[in-house]
Amino acid sequence: MEKGKAVMGSGRRWAVDFTDNSTAPSSRDIPDPPGFIRASIDQDDSALSRQKKDAEANWKAQKAWEVAQAPFKNLMMMGFMMWMAGSTVHLFSIGITFSALWQPISALQGVGKVFEPYKDNKVDLLGPKLLFIALNLGGLALGVWKLNTLGLLPTHASDWVSSLPPAQEIEYSGGCIPLQ
Amino acid sequence: MATAVRLLVLFLLFLSSPNPILSLYEDQVGLMDWHQQYIGKVRHAVFHTQKTGRKRVVVYTEENVLASLDLRHGEIFWRRVLGTNDAIDGIDIALGKYVITLSSGGSILRAWNLPNGQMVWESSLQGPKHSKALLSVEKGSKSKKYNIVIVLSRGCLHAVSSIDGEVLWKKDFDAQSLEIQQVIQLPGSDFLYVVGFSGSSLFEVYQINAKNGEMLKHEIASFSGDFSGELSLVSSEMLVALDATGSSLITISFHSEQISFQQAYISHLVEGFSGPAMMLPSPVTGIFAVKINTVTVFIEVTDKGKLEVLDKTEQPTVISDALSFSETQQAFALVQHEGNKIHFIVKLADNWGSNLLKETIELDQQRGLVHKVFIHNYIRTDRSHGFRALVVMEDHSLLLLQQGAVVWSREDGLASIVDVTTSELPVYKEGALVAKVEHNLFEWLKGHWLKLKGTLMLASPEDVAAIQRIRLKSSEKSKMTRDHNGFRKFLIVLTRGGKLFALHTGDGQIVWSVLLHSLRYSDRCQHPMGVNLYQWQVPHHRAMDENPSVLIVGRCGQRSDAQGVISFVDTYTGRELRSFGLVHSIAQVIPLPFTDSTEQCLHLIIDADKHAHLYPKTPEAVGIFQSELSKVYWYSVEADNGIIRGYGLKSGCVGKEAGEDCFDTRELWSVVFPSESEKIIATVTRKPNEVVHTQAKVVADQDVMYKYLSKNLLFVATVAPKASGEIGSATLEESWLIVYLIDTVTGRILHRMSHHGSHGPVHAVFSENWVVYHYFNLRAHRYEMSVIEIYDQSRAENKDVWKLVLGKHNLTLPISLYSRAEAMTKSQSYFITHSVKTMAVTLTAKGITSKQLLIGTIGDQVLALDKRFLDPRRTVNPSQAEREEGIIPLTDTLPIIPQSYITHALKVEGLREIVIVPAKLESTTLVFAHGVDLFFTRLAPSKTYDSLTEDFSYALLLLTIVALVAAIFVTWVLSERKDLQEKWR
Numbered sequence: 001m002e003k004g005k006a007v008m009g010s011g012r013r014w015a016v017d018f019t020d021n022s023t024a025p026s027s028r029d030i031p032d033p034p035g036f037i038r039a040s041i042d043q044d045d046s047a048l049s050r051q052k053k054d055a056e057a058n059w060k061a062q063k064a065w066e067v068a069q070a071p072f073k074n075l076m077m078m079g080f081m082m083w084m085a086g087s088t089v090h091l092f093s094i095g096i097t098f099s100a101l102w103q104p105i106s107a108l109q110g111v112g113k114v115f116e117p118y119k120d121n122k123v124d125l126l127g128p129k130l131l132f133i134a135l136n137l138g139g140l141a142l143g144v145w146k147l148n149t150l151g152l153l154p155t156h157a158s159d160w161v162s163s164l165p166p167a168q169e170i171e172y173s174g175g176c177i178p179l180q
Numbered sequence: 001m002a003t004a005v006r007l008l009v010l011f012l013l014f015l016s017s018p019n020p021i022l023s024l025y026e027d028q029v030g031l032m033d034w035h036q037q038y039i040g041k042v043r044h045a046v047f048h049t050q051k052t053g054r055k056r057v058v059v060y061t062e063e064n065v066l067a068s069l070d071l072r073h074g075e076i077f078w079r080r081v082l083g084t085n086d087a088i089d090g091i092d093i094a095l096g097k098y099v100i101t102l103s104s105g106g107s108i109l110r111a112w113n114l115p116n117g118q119m120v121w122e123s124s125l126q127g128p129k130h131s132k133a134l135l136s137v138e139k140g141s142k143s144k145k146y147n148i149v150i151v152l153s154r155g156c157l158h159a160v161s162s163i164d165g166e167v168l169w170k171k172d173f174d175a176q177s178l179e180i181q182q183v184i185q186l187p188g189s190d191f192l193y194v195v196g197f198s199g200s201s202l203f204e205v206y207q208i209n210a211k212n213g214e215m216l217k218h219e220i221a222s223f224s225g226d227f228s229g230e231l232s233l234v235s236s237e238m239l240v241a242l243d244a245t246g247s248s249l250i251t252i253s254f255h256s257e258q259i260s261f262q263q264a265y266i267s268h269l270v271e272g273f274s275g276p277a278m279m280l281p282s283p284v285t286g287i288f289a290v291k292i293n294t295v296t297v298f299i300e301v302t303d304k305g306k307l308e309v310l311d312k313t314e315q316p317t318v319i320s321d322a323l324s325f326s327e328t329q330q331a332f333a334l335v336q337h338e339g340n341k342i343h344f345i346v347k348l349a350d351n352w353g354s355n356l357l358k359e360t361i362e363l364d365q366q367r368g369l370v371h372k373v374f375i376h377n378y379i380r381t382d383r384s385h386g387f388r389a390l391v392v393m394e395d396h397s398l399l400l401l402q403q404g405a406v407v408w409s410r411e412d413g414l415a416s417i418v419d420v421t422t423s424e425l426p427v428y429k430e431g432a433l434v435a436k437v438e439h440n441l442f443e444w445l446k447g448h449w450l451k452l453k454g455t456l457m458l459a460s461p462e463d464v465a466a467i468q469r470i471r472l473k474s475s476e477k478s479k480m481t482r483d484h485n486g487f488r489k490f491l492i493v494l495t496r497g498g499k500l501f502a503l504h505t506g507d508g509q510i511v512w513s514v515l516l517h518s519l520r521y522s523d524r525c526q527h528p529m530g531v532n533l534y535q536w537q538v539p540h541h542r543a544m545d546e547n548p549s550v551l552i553v554g555r556c557g558q559r560s561d562a563q564g565v566i567s568f569v570d571t572y573t574g575r576e577l578r579s580f581g582l583v584h585s586i587a588q589v590i591p592l593p594f595t596d597s598t599e600q601c602l603h604l605i606i607d608a609d610k611h612a613h614l615y616p617k618t619p620e621a622v623g624i625f626q627s628e629l630s631k632v633y634w635y636s637v638e639a640d641n642g643i644i645r646g647y648g649l650k651s652g653c654v655g656k657e658a659g660e661d662c663f664d665t666r667e668l669w670s671v672v673f674p675s676e677s678e679k680i681i682a683t684v685t686r687k688p689n690e691v692v693h694t695q696a697k698v699v700a701d702q703d704v705m706y707k708y709l710s711k712n713l714l715f716v717a718t719v720a721p722k723a724s725g726e727i728g729s730a731t732l733e734e735s736w737l738i739v740y741l742i743d744t745v746t747g748r749i750l751h752r753m754s755h756h757g758s759h760g761p762v763h764a765v766f767s768e769n770w771v772v773y774h775y776f777n778l779r780a781h782r783y784e785m786s787v788i789e790i791y792d793q794s795r796a797e798n799k800d801v802w803k804l805v806l807g808k809h810n811l812t813l814p815i816s817l818y819s820r821a822e823a824m825t826k827s828q829s830y831f832i833t834h835s836v837k838t839m840a841v842t843l844t845a846k847g848i849t850s851k852q853l854l855i856g857t858i859g860d861q862v863l864a865l866d867k868r869f870l871d872p873r874r875t876v877n878p879s880q881a882e883r884e885e886g887i888i889p890l891t892d893t894l895p896i897i898p899q900s901y902i903t904h905a906l907k908v909e910g911l912r913e914i915v916i917v918p919a920k921l922e923s924t925t926l927v928f929a930h931g932v933d934l935f936f937t938r939l940a941p942s943k944t945y946d947s948l949t950e951d952f953s954y955a956l957l958l959l960t961i962v963a964l965v966a967a968i969f970v971t972w973v974l975s976e977r978k979d980l981q982e983k984w985r
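Protein chains in written order, with the UniProt record's numbering: chain X, 1 to 180; chain Z, 1 to 985.
Because the hints were derived from the structure by calculation, they are not lab data. Any given hint could turn out to be false.
[Stated by the list, open to error] Now the stretches of chain Z that chain X is said to cover, found in silico as 3 or more residues with beta-carbon under 8 Å:
(1) 634-643
(2) 693-706
(3) 709-720
(4) 805-816
In this text the structure is predicted, and so the values were computed from the model without any measurement. Backbone N, C-alpha and C define an ideal beta-carbon position, used for all residues, glycine too.
The whole structure should be built from the sequences, with the hints applied where relevant.
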């Protein structure tokens, strides 16, 4: 695989480009063949492509919504796993909780990337993105909630006082049974 | 932070929960613990007779130890510790195979097998009254028809068969006032003479048939003056007594029909006589010795009862008993001091003028004077007689002298330790005293190679033995410099003999020892005794160059107004820096939590008149103390009156020409216990050096309880006066135990609880916010342990997280005890199968590690018991959250797990105290238990979570790392090569 790429990258000598998207005849050296009307094909094509593009945009929007909803399934599964893990601290529950925290965070970091393929001028990605973010935040909240149920969040008074040193006493008193 | 701590704690619990046992493997014995056996100051020694193995001596000591010692090396063959309430009165050897001991004021007679110390028989002797207890074994009679032991005990004369301990006959001297002084048994005759005084001037003699106890003769004679009570037998028919004034000697001949007295004034015999005389035991027939002040006078008694002075000496002199070393000859030994040398002189009984043997031996100055000498003879290879002497010194050590040299010595003063403190070792620097030479690189490598083989199971049995040897002899632990973990320290030990020892915690070696000059006999201080040791100077920040020193407090005599003695000793060198015989008495010593600019700790000494004297007596110290005066209080527990009094201080002593350093006291409060129903039997406070990590206790469901942490709390246990004796002296209804928690600043009683039907003795420990105490429950006929935990209710409202997060709370502000915090207690009781001699609790450097109780059992072992077993929140069915917190389901009895004896297979005979010292490493604490024996070990109550174990193989780790790096390198090269080949293809 790598080898092939390397060859392609550095070893290219010549290439022919068969595509020709230009519309202005003046730009070409070779005149159009007789009976060939460039404009009509262009118009036909544009109508067709517009249809196609619309379909693609629809498809993209649909897909984007689907992608945006994907974390929901994840959320449900996570909830189930968490319920299975119980509320005691051990290896399994800690693993579950941390993955539950990590997944939404990594997903949120890659929001742009996830919706990259569906980027289009005609597609409004804001809705799906917001849904995606909201669901992931929900997942994060679930993780944090789980963390809290495990007692690993400093939300109790005990978490803040357990390292407080004892208070100094002002008075000092000494003594014992006198030496006999 | 908090969560991290909790995670750590949970992790620790996870580690320790399967079995909370801290046991050792067999090969770990002796790695971090050491054990030393002693016997105490020898009171009498009996050498084995010719027939039995002659290389041993049987001794008994002031610690009530009966021991058989090897004469070649001074090792203990066997030893029997009879305990403090079974004092030995006399020993002798009977039949050449039994050691007979008389103990408990003459009421118990026992025979022990000479070779191995097994008890052969025991008989208890009854009698109507207390009297002198004497033991004499018939000797020299050729006919072995009756091997009887004559015992004087409790005013009766008993003849006991030495074969089975059967009492053959008993003679009761019912004359009430008769004080029997001696039982005289003349060799080769069947008569016993019992001599004694009746009243102060009547002398009585009983002649008794030794075979059947029949009284043959009874004579009474009256003397014109008074007797002092001292009596010495000088010949078969003559006694010498001293009169009550100590100025004249009376020779008494008692064999003839009529008792006759002859009085001789000492002033006629000795020129310049002044002051009362003292009789010394008569060494041999015809000679006795009298001590007048420091002069020892030897006096001969001629046949006609005339007294003649043989010799007198100013030097401190000790005389041995007579030794008959051949058929006809008797010898005795004298030991005389001269400078730092001693003369060991052996004389024949009938020839005072010449010496049979005279040897001069140089002795260590730190051993003091010779107190006792016992001689023994042996036959040299050239068939002449040689003599050796067993010498007991002032510092209680035991030496064997032979051929002008000290063959061996035993530091038996360490059997009677009065107090213990610790001191840091010097920091390592060039030129500091470093005793051990570092071993070279080759040995280090060899050691690690062996260890590695051991780890990889490749070691042969010889290698295993070598590894064990290396581990045990590790020079690391006995180095003379401070270590990173704080395991190496000096144990500074004060003994009853007035000697101070520094023991190294690594292997128990004596680093230095000093016989304290201020604790020795002098004219001003007749009965000096050391009482306590305190840390005087602990240099750490401001005065790094100073050596640390300790304060030794002593007093002259038992009375409470006896003069005090204080002394300061440098703990690095063992030099006595300075000492004072004080003008005031010492009733209490209170170490204060203040130090001056040279890191000297301020101490307050309270005298019998309740004046407080500040030490050090410098203006600076007085200045520091004056500024804190209003905050310093003290209290005294008057156990006899049943009163606890609290005092404040004010400057200046009234009616005394004392300086600035004397302070007057004023009584602030008193707690009076009704004397008809309560008697104080135990008090305990928290250790002043205890460090507590946190003031909060987190309970299940993340709830918080605030501990009531006060250094000024006193736990007092009182019992019904009837129940203060032995267990069984009071009935169930008559006995109760009441415990109090008293604030010693304000005198406020925080908690009171009574246990009906419970009995002393009470042993207690107080740590952080809890007290654990041990007592006897008469109703259940079992020992019980209770725990009380105190919590501060007035802080309980501090539960708002936001206030805590923002630091808007008053939890760490200094508090005054006058603010009357509300205390809440929780308590619970459990049965325990053991009776307890002493109790202690582990201390660590920062107070994070969980606690263990150390229980000195009646069997002289030390048992570690986790504090979790004594938690008042234990229930029969703890909830899941409580279980997570580490609460153990409640059982009625505390479990005794055999593996948790920290003394493992050893016994600390005569265990008296367990001393706990925190190491620098948080997980570890140092434990020193002393009695007749010494035992030291290291404990990690929650296992060593903060360091690698001792036997961790660094070599294996290093090897693994090297191997991994090599593997990475090799695989990298290989992959490069493969890549290249792929590209060429």
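Do the hints match the structure? See the list:
Requiring three or more residues with a Cβ within less than 8 Å of a Cβ of chain X, the coverage given for the region 634-643 of chain Z holds, as 6 such residues are present. With 9 residues having a beta carbon nearer than 8 Å to a beta carbon of chain X, the region 693-706 of chain Z meets the requirement of three or more and the stated coverage holds. For the region 709-720 of chain Z, the assignment as covered by chain X holds, since 4 residues bring a beta-carbon within under 8 Å of that chain's beta-carbons and 3 suffice. Only when three residues or more bring their CB closer than 8 Å to a CB of chain X does the claim for the region 805-816 of chain Z stand; here the count is 7, and the claim holds.
Comparing the model with each earlier hint shows no violations; every hint is respected.
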